[in-house]
Structures are given as structure tokens and as C-alpha cells.
Amino acid sequence: MEKVLMKGNEIIGEAAIRSGCKLFFGYPITPSTEVVEYLSKHLPPKGGTVLQAEDEIGAINMCYGAACTGSRVLTASSSPGVSLKQEGISYSAAVELPMVIVNVNRCGPGLGGLGPAQSDYFQSVKGGGHGDYRLIVLAPSTAQELYDFTMQGFDLADQYRNPVLILTDGFLGQTMEPVVLKERPEPPKVDRSWVVDGAKGREKRILASYSLTNEIGEDNNLRWEKKYKNIQEKEQQWEEFHTEDAEYLLVSYGTTGRICKSTVLNARKKGIKLGLIRPITLWPYPEKAFIPYKDKVKGIVTVELNTGQMIEDVKLAVECKMPVHLYRRQGGMLPNEHEILDYVEDIFSLTAVEEV
Amino acid sequence: MMDRVILAGFGGQGVMFLGKVLAYAGMGADLELCWIPSYGPEMRGGTANCSVILSDEEIYSHVIDYADAAIVLNKPAYDKFAPKIKPGGVLVVNSSLAKLDKVREDITIIQIPATDIANEIGNSSIANMVCLGALLPTMKLVDLQKIEKAMNELTGKKRPQLLETNLNAINRGMEFIQE
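Protein chains in written order, with the working numbering: chain A, 1 to 356; chain B, 1001 to 1179.
Honestly, the hints are just simulated from the structure, not real lab data. We put the beta carbon where it would ideally sit given N, CA and C, even for glycine. Possibly wrong hints are sitting among the right ones.
[As the list claims (entries may be wrong)] If you want the footprint, here are the derived chain B segments under chain A, 3+ residues with CB under 8 Å:
(1) 1022 to 1036
(2) 1062 to 1072
[Stated by the list, open to error] Have a look at the derived ranges for each label pair, beta carbon to beta carbon:
(3) A/E2 - B/K1099: 42 to 50 Å
(4) B/T1138 - A/P28: 35 to 43 Å
(5) B/V1103 - A/T49: 34 to 42 Å
(6) B/E1153 - A/K226: 47 to 55 Å
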């Protein structure tokens, strides 16, 4: 298989093309712009269309329209731009439209800065728009995962008729790493009987989210709830790193998730039994990952680029059976592996551990 | 094994390209690697830097706190990155544009008049490659052969006349070290 050296943002575009995505609607914003830049060069020659909309609201509603016709569609933006898209995302979730949305998270609130951040965790996994909906949220930590998860995102979106969000950051987006251009996996068999593609010779179909009566409204909510429960049951994904004998756990995703692997290896050299759970799906949150460790580990540190957002889900997953602490950097700053270990040693009073 | 290298200078001195040459050399040798540009608002004529990590095993953290080596093409880059070299590391300084007032004793500092050598060759913009030549013998995972291959890929097709100039500059840097 071909191996290439590309920027993280570009590889998202390449993965979309290889996933059979023919449509991109978006509005450029740093640090996500390379996605649309790459696609505007490479998608039209493959018979696709890239359209720069008048703004993010236009772009997400174009995605809505395209998805109604059963086409694979992508949009990409960064935090303030994704905020603008929220109404359209809520409508897309209600009409159950498959689409892939990329958020190259920059720091906030407000206009913020361009540096890497995880400040949009709540927005991504707790319903950034109105109404009680869920997005499937995937959190890559390498260029290879940006490729793999973008491809997987399109399949999950089709399979569950649900918008999928890829949550990444500018550090991953700007870094070039080797990526193996894997073949597209066998696409899932999906029901297309809802697609609006011309009603000649058949009954017309309506895709709309308005419920005329409260009874219809509740039926809809129950149907969506059932779907979300099914996704929660089947699609939790995570990676474990040196967890088998761990006395303490780090929990971290994306960029900080991979930094934490270096922390774990350094800790092990010092005789500290540290492990890492790296969530891959942020929704559904990988609660199952914590079950074997709930009554075993002495403490957990979540490492985040925000004031502590995912830590709430970790506390729920372990039912607050052990202390859960937060180590965080903000405003576009990244921790290095050493300062994370310093914090772990300090908070659990591990400084006396024998060097091995 | 791992080589973590910082490359820095003025915008226009070919800092990003220098990083790409190292990155493609790593690709050619089937190494794990990261090429990381500095990112943020920059002004014309300001400083540019990027980092390259080459490794023969998976790269976990790609945040460089201390580098194994650095090439600095001017004085501001020297001032900024000299403290970022780990003890025992190597720092290649373009002494044509950086006169050093204070130097660290715990690292190897190679001062090479790279811009002057580049001018002798007849192309002032290849001081970056002269410095690469000076660093190359101390690198663990890439050698001249791998660099040549990468350079061929990067410039060979588009501007073949530049290939020879670049390789010549690298050789001059390597010769300077031997002297």
C-alpha cells in the first residue's frame, strides 16, 4: 500500500476522497483551511464538487441538502465556525442525516487563538446545538488515525444515519507524518429507502424535523433515544496502553493522548505502575474501558487542554470510586511528557518510589 | 533511536525546506517521523522554525522540550534555541550571521560561516544546506545517501539544476567539519 508524507489536515481530505465523498461545503478558517484547500485541488478532478459557501451557516445547510439526496458529504471548520454550524447540526441530527463534520479545535472562548485545544469537548459530546441529540465523535491522535477515522466516520454516519464529528486540533493538522493509504473498507449495507432522489413512480418522501403534535414528538424522541442507546452499546472505542497491572491511570485523547504514552513509559522506568486509557470515541464515551479498573486502580489523572471537561465523564464511568484529578494546559499550550509525570508523582505522593 | 532536530532562521532562509529534506530522508529510509512547523501569526522577515523527529520506533509525544540537535541560521534563532538543546547535543550555528557572545559548555557548538560558503558557491540562499552538511555526520538515523535520495525527490523533477547546487553545498559543509 502507498505510504505518503502529508499534513494532518490534508490527509482528512484524501481520506474523504477515498471514502467516496463527492461533496464538500465549507468556509475557510484557520487552522482548518488546508482541508478545503486540499479538496479544492483534488476533489473536482475525481468528479466531485467543492463549494465555498457565503458562511458556515450556509455551508452546513448545503451539507443538509446534499445528505438528503444520499450523497456522502463533508464539511470542515474550526471552533468559532463550528459554533455557527450548530443549528444546522441539530437539524441534521433530527432528520438523521449521514454527514461528516470536522472540527479542528482552536482555543477559546470567543475568537481565541490558533493553538491546539480540547475546549470544544462539551460542545462536541453533550449536544452543541439545541435539542436532545448525539453526534458520534471520533478523536484521532496521529495522521494515520486522521485518515482511518475519517474513513470510518463516513461508514458510521451511513450505518446509523447520524452526523459524525471528527474532533482534532491544529497541531495534528499542521504536523506531517507518514500515512499508509489503506484501501476503503467494505461499506456497510444501509437502508436507502429514506433518500430524497426524485419521486417519479413512487410515493413522495418528506425529510423534516417538525413534529405537529406532542405525541408525534415523543415518538420521535423515543426512536432517536433507541438509536443512541444502540450506538452506545456497539460503538465504544478506546486504546489501552500498559493498563494490565496499572495502579494509576492517565485518561487522555487526541494530541495529549499520545503525549501521555511517553509519560507512561517514563513512569514505568521509574517503577511507577502507570497506564493510559485513550478514548477514541468521545461519544459514545468508552465507559466499558473502565470496568476492569473500577475497583483496582488507586487513582486517575485526566490530561486535557481545557478547564476539565472530559473529567466529568471519567468520574461517571468509575462511579467516583477513586480520586480523579485533572492536569491541564490551556490557551494553545501543550504539556510535555515530563510535566504530566511530575503532576502524577506529586498528586499521588509517589516521589519516594525507588528508581529501577 | 531518535533524532530530534530544531531548524530555525529568518523567513526565506529555507528553514521549512531544510526540515522537509530531513523528513523525506526519513521517509526514504522507512523511519517513523514528524515534521512540525511553528504555527501562529508571523510577520514578513520574522523568524521561522520547524522541528523534525526521526525515529526507528513509534513516536508517541511529538512535543519537543529538548532537542538532540539544532541548526540556527541567524542570531535571534541562536538566542532562542541554544537553551533548547539537551546536554551533550549538537548545535550548528551559521557564524556568518551570528556572532556568539556567550556559549554553553555542555553541548557541541559547530560554528560554520555558512552564508560566506554559500556565496563562494554562488548561491547565497543555500546556507541552509551548508549547515545540514555540518550536522549530518552527528545524526544517528540519516546519512548523505539518504539525503541525496530525498533531495532528488524534492527538487530533482522540478528544478534539476538546483539538485547539484544543494548537494555541493552539503558536501562543503561536511568538508568544513573534517578540516
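Each hint, compared with the structure:
no., hint, verdict
1, 1022 to 1036, "holds (count 8)"
2, 1062 to 1072, "holds (count 3)"
3, A/E2 - B/K1099: 42 to 50 Å, "holds (48 Å)"
4, B/T1138 - A/P28: 35 to 43 Å, "holds (42 Å)"
5, B/V1103 - A/T49: 34 to 42 Å, "violated (58 Å)"
6, B/E1153 - A/K226: 47 to 55 Å, "holds (53 Å)"
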